[in-house]
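This note's numbering runs 11 ahead of the 1-based position in the sequence shown.
Derived from the structure by calculation, the hints contain no laboratory data.
One or more hints might be untrue.
Under the rule of at most 20 Å between Cα atoms (straight-line distance), these lysine to any residue pairs were calculated in the SDA-like manner [as the list claims (entries may be wrong)]:
| no. | residue 1 | residue 2 |
| --- | --- | --- |
| 1 | LYS117 | ALA146 |
| 2 | LYS181 | ALA149 |
| 3 | LYS129 | ASP143 |
| 4 | LYS181 | ALA146 |
| 5 | LYS129 | ALA86 |
| 6 | LYS117 | THR40 |
| 7 | LYS129 | MET293 |
| 8 | LYS129 | GLY187 |
| 9 | LYS129 | ALA150 |
| 10 | LYS181 | LEU244 |
| 11 | LYS181 | GLU139 |
| 12 | LYS129 | ARG292 |
| 13 | LYS181 | GLY231 |
| 14 | LYS117 | ASP26 |
| 15 | LYS181 | SER170 |
| 16 | LYS117 | VAL128 |
| 17 | LYS117 | ARG159 |
| 18 | LYS117 | GLU188 |
| 19 | LYS117 | HIS82 |
| 20 | LYS181 | VAL128 |
| 21 | LYS181 | ARG148 |
| 22 | LYS181 | TYR169 |
| 23 | LYS129 | SER170 |
| 24 | LYS129 | ARG103 |
| 25 | LYS117 | LYS129 |
| 26 | LYS129 | ALA296 |
| 27 | LYS117 | ALA175 |
| 28 | LYS181 | LEU294 |
| 29 | LYS181 | ASP143 |
| 30 | LYS129 | ASP172 |
| 31 | LYS181 | SER202 |
| 32 | LYS129 | TYR169 |
| 33 | LYS181 | PRO223 |
| 34 | LYS129 | GLU188 |
Simulated restraints on C-beta separations [what the hints assert, rightly or not]:
| no. | residue 1 | residue 2 | range |
| --- | --- | --- | --- |
| 35 | ASP289 | GLY182 | 30 to 36 Å |
| 36 | PRO47 | GLY114 | 39 to 45 Å |
| 37 | GLY80 | ALA179 | 23 to 29 Å |
Computed from a prediction, not measured in an experiment: that's the story for all the values here.
Ideal Cβ placement from N, Cα and C applies to all residues, glycine included.
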Amino acid sequence: MTKTAADPAPVSAFDWPPLIVANAPNGATRTRADHPALPMTAADLARAAAESLEAGAALLHFHVRDAEGRHLLDADAYRDASAAIRAAVGDRLVLQITSEAAGRYKAPEQMAVVRAVKPEAVSLALREIIPDEAAERAAADFFAFVRRERIFTQIILYSADDVARYGALKGRGVLGEGQDFPLFVLGRYTSGQLSQPSDLLPFLSAAGDTAPLWSMCAFGLKENACATVAAGLGGHVRVGFENNLFAPDGTLAPDNAAQVQRACDAARTLGRPLASADMARMLMA
12 MTKTAADPAP VSAFDWPPLI VANAPNGATR TRADHPALPM TAADLARAAA
62 ESLEAGAALL HFHVRDAEGR HLLDADAYRD ASAAIRAAVG DRLVLQITSE
112 AAGRYKAPEQ MAVVRAVKPE AVSLALREII PDEAAERAAA DFFAFVRRER
162 IFTQIILYSA DDVARYGALK GRGVLGEGQD FPLFVLGRYT SGQLSQPSDL
212 LPFLSAAGDT APLWSMCAFG LKENACATVA AGLGGHVRVG FENNLFAPDG
262 TLAPDNAAQV QRACDAARTL GRPLASADMA RMLMA
């Protein structure tokens, strides 16, 4: 597979910022019963990372599993997986761990694993980390830690209401100072977890100018269509087996790299350059 990742390119008022293509290769709940190529181990993740990098990805969003294949928030498991991935790709991918609850963890445990790992980047679901007003004080302390450690922060938002709440919390200082990289999740709570490009519009309307740097992921067969529209609107994209196992024609995708390649091909059709990991770091800083 031909490598399509671009070298860092200057950004001007007349250019699109290079597109950050992220790969989410496994998620919290899928197994090899869903797809035989789903990465489950550290070695699997390292192989998927190398293939996704070759296809054009700049960021890897990954989950780790326990011995029974269940979603896991564990500092040692994250360190082992990160070391395996770094051995395969060096610093040519931004490595983003997840703090997802997946029905197993509560906010204190989610925040604790981030404090222990001190990852390069982390995804944080707003409604999990700050479920209500009573959780705001602990969350403010946590976000102050994240900012001090210069951890690239992606806030997961599932609805326009989440986006509005994000803006309010950001405005009140609960999330601390500095750049975030909100992820608009399309289709998570729809029937059959199916999304379509128009699902993005309420997120953008709610965001206004509170999210100058944003990304999206989309559940279901129209993942690539949603990613293409997001790229055309100046956003960034996350694709992979966490959200969709299929090609646009409904056939099973061979691997995560194929999903990344489709997103990169769409960017080239639009005339939008691809970000390298170093450019992604600059944009997220």
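- Taken at face value, is the distance from the CA of ASP26 to the CA of LYS117 at most 20 Å? 42 Å, violated
- Would you check the hint for LYS129 and ALA296, treating anything up to 20 Å between C-alpha atoms as holding? 16 Å, holds
- Holds or violated: are the alpha carbons of LYS129 and GLU188 at most 20 Å from each other? This hinted pair holds, its Cα atoms lying about 18 Å apart.
- Message: Range first: 30 to 36 Å. Now tell me if the beta carbons of ASP289 and GLY182 are that far apart.
- Response: 31 Å, holds
- Mind checking the alpha carbons of LYS129 and ARG103 for me, to see if they're no more than 20 Å apart? 19 Å, holds
- Query: Are the Cα atoms of LYS129 and ASP143 separated by 20 Å or less?
  - Reply: 25 Å, violated
- Task: Starting from LYS117, check that the Cα of ALA175 is at most 20 Å away, please.
- Result: 23 Å, violated
- Task: Sort out whether ALA149 lies within 20 Å of LYS181, counting only the CA atoms.
- Result: 15 Å, holds
- Query: So the hint says 23 to 29 Å: do the beta-carbon atoms of GLY80 and ALA179 match that?
  - Reply: 38 Å, violated
- Mind checking the alpha carbons of LYS117 and ARG159 for me, to see if they're no more than 20 Å apart? 23 Å, violated
- Would you check the hint for LYS129 and ALA86, treating anything up to 20 Å between C-alpha atoms as holding? With a Cα-Cα distance of about 9 Å, the restraint between LYS129 and ALA86 holds, given a limit of 20 Å.
- Under the criterion that the straight-line Cα-Cα distance not exceed 20 Å, is the pair LYS181, SER202 satisfied? 31 Å, violated
In summary, the numbered hints that this structure violates are 3, 10, 13, 14, 17, 18, 20, 23, 27, 30, 31, 32, 36, 37.
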